[in-house]
Structures are given as C-alpha cells and as structure tokens.
Amino acid sequence: MTYCLGMICRSGAVFLSDSRTSAGMDNITMCSKMRVYEKPGDRVICILSSGNLSLTQATIALIDEDLHLGKNDPARGQLTNRQTLYETIDYVGSKVREVEKRHREALEADGFDFNIHLIVGGQIAGFAPEVHLIYPQGNSIHATRDCPFLQIGERKYGKPILDRGFNYETGLADAVKVGIISIDSTMTSNVAVGPPIDILCYEKDSLQAKLRAHLEEDDPYLQTVSDKWQDGIVKLVNEMPAPDFSKPALGFATAA
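Quick note: the sequence shown uses my numbering, first residue -17, plus one each step.
These aren't lab readings, by the way, just hints derived from the structure by calculation. There are no misleading hints in this set.
Quick list of in silico lysine to any residue cross-link-like pairs, SDA-like style, CA-CA up to 25 Å:
hint: 1; residue 1: K138; residue 2: P178
hint: 2; residue 1: K210; residue 2: N220
hint: 3; residue 1: K138; residue 2: V158
hint: 4; residue 1: K192; residue 2: V207
hint: 5; residue 1: K192; residue 2: V18
hint: 6; residue 1: K159; residue 2: S1
hint: 7; residue 1: K138; residue 2: V173
hint: 8; residue 1: K192; residue 2: E20
hint: 9; residue 1: K83; residue 2: E69
hint: 10; residue 1: K159; residue 2: H124
hint: 11; residue 1: K192; residue 2: N149
hint: 12; residue 1: K21; residue 2: Y68
Could you build the full structure based on these sequences and the hints that come with them?
See below:
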C-alpha cells in the first residue's frame, strides 16, 4: 500500500510520500515513491507514484531513458523540454499509456489490474506552480484553489485533517505540518503505509528543489509531530462540553 500527497498553496507546493511496499504481510519492503527532476532556474518537477511497483518503475524508466538519450538528441521529447507543465503532464501520461500497451494484456490474463496513479507537479519558469494527478489511462486532473490537494494510494485516513486544516491560503511551513499529520494519521490506521517519509517543500518561483527531507521512523521531528497531534486530540476532546442527556429523547423506540 502507498500514500502520496500533493498540496498547492499561494506560496508554493508540498509533496509527501511514504516508502513502504507490500506484497503480503510477510513481504514488506521499502522503496521511495518520490522522484524529483530539477533544472535550477528553469524548472522543478516532482513525481509521486502509487500502484503496481513494476508499472511505476517502468514508467519512470521510460522518462529517464528519454532524458539520457536526449543528451545527444535535443529534439527528442523529454520531461525537461516541455514548454508548460500541462505539456509535461501530457508527456508523462503518454509514458503511462506506453507501459499500458506493453503490459496490460499480460497482467489481466493473470487476474491483475493495470494499477498506476501518479501525482506530478512543480513549476516551470514563467508559469505558476501546479499539482496534477494522472490516472491509469494517462488522463489527468489538477489541484485548484477550491480543491488544493490531491492524494493517491490509501487516501481516506489522511483526508479529514486536509479538509479541516489546509486551504490555498495556508502558509508553506504550516502546509508541511498538515501534510505530515495526514501521513501520520494514515500510518496509524494502516500498517501497510510507513516511513521513511520523503518531503519536498517547493517555494514559489525559487525554481530549485532546495527544501527536502527524508524522515526515518525514529526521526525526532516525526515523533514530535505525531505525539503532539495525538495529545492535542485528547486535550481537545477533554475540553469539549459533555453531551446533554437530560432532555427527553423523542422518536426512539424502547423495548419493553
């Protein structure tokens, strides 16, 4: 299982991913699901992946192959020569479809779904930061001011804090904290999601991937956020008024 999160706000974008992969309870390994491509002063592109590991790795391999071959062939389509982020998303989607053409039939013949989802975002010089989600068919949606975050993988446990605690006007540092809480909430409720946690905090118009973190399970900051979140919930519950059961309950049937 996987949980990846992309967040867009006025001051930039935040990307977070766990690193646990699971092919059964007795086959759990670690594999980073974040890939960052950077041309300082020109663009920063971050790719987060969930789904079948062989499919996500195949997609990234095709992207990296184009980058390598493009060194001697500048006209070759590649991640770092797309003019806009939308063109970049379309390019990555084409690589997903290329993998689909190669592998879907064999996978489905053995009862496996073609399962791959990507969050792709960042900024290209001259344009605003963006965050997109690419589906297995290669099509995409993008985060907006009204819906400023996108999730892939195990989404449900980490969504409530995002709905209540994050919006487009949230500051970048607070966005990172909310994102870590979202990841921590997911890890608490699903053992198939786990550290290390990779984080890219991208500052708008910096065109550099300079704010990055890799948090291991015993990382003091990760532990502090988790403990404060846990203690804070308990404290808030204790401070809330008790329900009033003194009023008669109407409309409830009572067994004799």
